[in-house]
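This is what each chain is made of:
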Amino acid sequence: MPLDTSTTYPLTKLRLDGRRWNELRLIQAQISTNPASSGSSFFSMGNTSIMCSVHGPAEGRRGDASGSAGGAGAIVDVDVNVAGFAGVDRKRRAGGSDRQSSRIATTLRSAFQSHLHTYLYPHSTISIHVSVLSVDGSLLAAAINACTLALVDAGIPMPGLLTSCTAGMSGSASTPQDPRNNELDPLLDLSLPEEQELPVLTVGTTNSVPVGENNMDTDEEEMKVAVVTMDSKLHCTYVETMLAVGIDGCSQIRELLEGVIKGSSRA
Amino acid sequence: MSNQRQASSASQVPHLSPAELSYLYTSLSLPKTPIRPDGRSPTQFRPLTAETNILPGTNGSARIGFADGTQAIVGVKAEVEKTILSNETLASERGAGPEPTDQEGSTTAAVGGHGSWVQMSIEIPGFRDDDALPVFLSEMMRESLVGAVGTDENSDMTGGLKGRLVINKRWHWRLYIDVLLLSQPLAYPLPLLSLTTHLALLSTKLPKLKSQGEEDPFFDDDWAVAEYLYPRSSPSTGAKISSSSSRPSFVRPPVTLLVISVGENIIFDPNREEIAVADAVLAISITRDTQAGHLRLLSIRTVDPPSRLTQPGVPNSENVNMLGAVAPTDDIAVLNPVTGEEEVPGVWRPRRGGAKRSVISEMVKTVLKKGGVGEEVLEGLEGVEVS
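Top to bottom, those sequences are chains A and B. Last residue of the first sequence? That's 267 in the numbering used here, and every number before it is there in order. Last residue of the second sequence? That's 387 in the numbering used here, and every number before it is there in order.
Bound conformation, chain A alone:
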């Protein structure tokens, strides 16, 4: 069955799985799933599901490599493991890790290294272990959300929740945007078939929780983009639209995650 998003979408304005352009997939999230770790979480967006566990902050084990670097603050150590059964076809891997999972690990590490208040834990390591149970698009975004939940569960201080989401365009978008005749729609939260065909952008945002005097006079909460990655080719005129849609998705996810975190403390 050929997937032809570019021809069916303009007719129906519905995506392959029946969503509208600005709809997220079903999100399920849970924290404290694994009592053996400092913090753990389960996060699924549609058929992408991820389990994440956090160990630490604990004394770093690698004495020689990071002895001086760990002095200023904690080191975030991320390990991503995509299970063999995660995809549609079973993936054969030679050796330890593949390119996709090491790229995700690097992105997660740099995102959380700068996001967390690591200065509170000098000479220590926060190790995050991400297990991908099934893959259906938006893998990096789901991993960021899962890590945020697990880190919150572990009680590691951070200025605000770091949430992430993907955004795409409903066509190849290789020519400049035409303001009079705009037939391409931005799409939110892409699934795997869409991701393979359409340009996609992953954006992660954080809000800093207002403290002190500013606490009272915040009508619009401040949002910062922390992560942006994009692999596909796209005309630059579309980037702004996609970013706007992605950031909006991030704030939707943030509300959901806040609900999960606050709800679980009550139980």
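To be clear, the hints were calculated from the coordinates, so they are not data collected in a lab. Do not rely on the hints blindly, as some may be mistaken.
Stated by the list, open to error - Distance windows between CB atoms, simulated:
(1) THR175(A) to GLY213(B): 54 to 60 Å
(2) PRO159(A) to ASP216(B): 56 to 62 Å
(3) ALA50(B) to ASN181(A): 53 to 59 Å
(4) ARG357(B) to GLN100(A): 50 to 56 Å
(5) THR106(A) to SER358(B): 53 to 59 Å
(6) SER208(A) to LYS210(B): 55 to 61 Å
(7) ASP89(A) to ALA50(B): 25 to 31 Å
(8) LEU26(A) to GLN119(B): 28 to 34 Å
(9) ARG46(B) to GLN100(A): 33 to 39 Å
(10) GLN100(A) to LEU30(B): 53 to 59 Å
(11) GLU382(B) to LEU26(A): 30 to 36 Å
(12) THR175(A) to ALA67(B): 55 to 61 Å
(13) SER361(B) to GLY263(A): 53 to 59 Å
(14) ALA72(A) to GLU382(B): 51 to 57 Å
Remember, it's a predicted structure, so these values are computed and weren't measured experimentally. By construction, the Cβ of each residue, glycine as well, lies at the ideal position given by its N, Cα and C atoms.
Following the hints, complete the assembly by docking chain B onto the known chain A.
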């Protein structure tokens, strides 16, 4: 991390002093009534939670979590693959040529299944794929899975896993079993992984075959009519089975149990501290594959007991600091009846491995006997809802 890697086959030795080890050993080796640190009876397992079919993208999956927080997820995926016929099978096929009417029989005789059709990989955090522990564990579990039919040459080739994977002479299923340990191995992870794999295989379904005989395989789209890899006892599944080679519904995937001996006592499902003082550690694989529902022993493997690596205690008579402080009659070396080594009571000596034959046969008996531990475990797993 390098510390972990060194612990090759056994789990990491907990940091217990010789005095603690000796205390543990003494309480576990009390004749007839061992006292375990967590108060379990010798044959009692740790409490666990289990669920099956948690991953929609797999043919079968299961998750088991022990109360101490160790969790494992197993996903089973099946792929259709072309059978490469070896010269040997081609020759035997020519021999079976004159009787093409007996289709079912000649198919199973020509292609009895191959052990390499089952692939197993184990992911343990902190270990690489090719580290000793994952490789050893996966091979230990795979060999009992595959071996479950190796001895069953006579009638029911279809009853075992290898035979079950045969579609026809030219095609077969390839089974990928991926085991994910989600937390650091607190105890030797074998029982957890084996139980989870068992559950995942129980819940594994293969799409129903629509094509017949030697045609290229063609499957029913309807997942609701898919057949269990290990047929369940419900009457609907065993529908189309020729009378000659009935596929028995009581065949179950093997389970590997970890058993240790301490003195004369036999202890099941040991935790990390208990393994650290074990005389012998055995991995016993059992399965149920006969009409009468008897259990069958598939394999026994000895696991390197970590007690070998512990520090010995020093008896007072040899301790320079205690020289003259105690009367020399205080500790007299006695011959340990189990290990045949001279020991001072209350002073820890690393076990050199090895166990008496009577102890090993007692272990096997406890597992296999009617109403024994093996039956209890299989029944417990059967009770998990496979939806």
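So which of those numbered hints doesn't the model satisfy? Failing hints: none at all.
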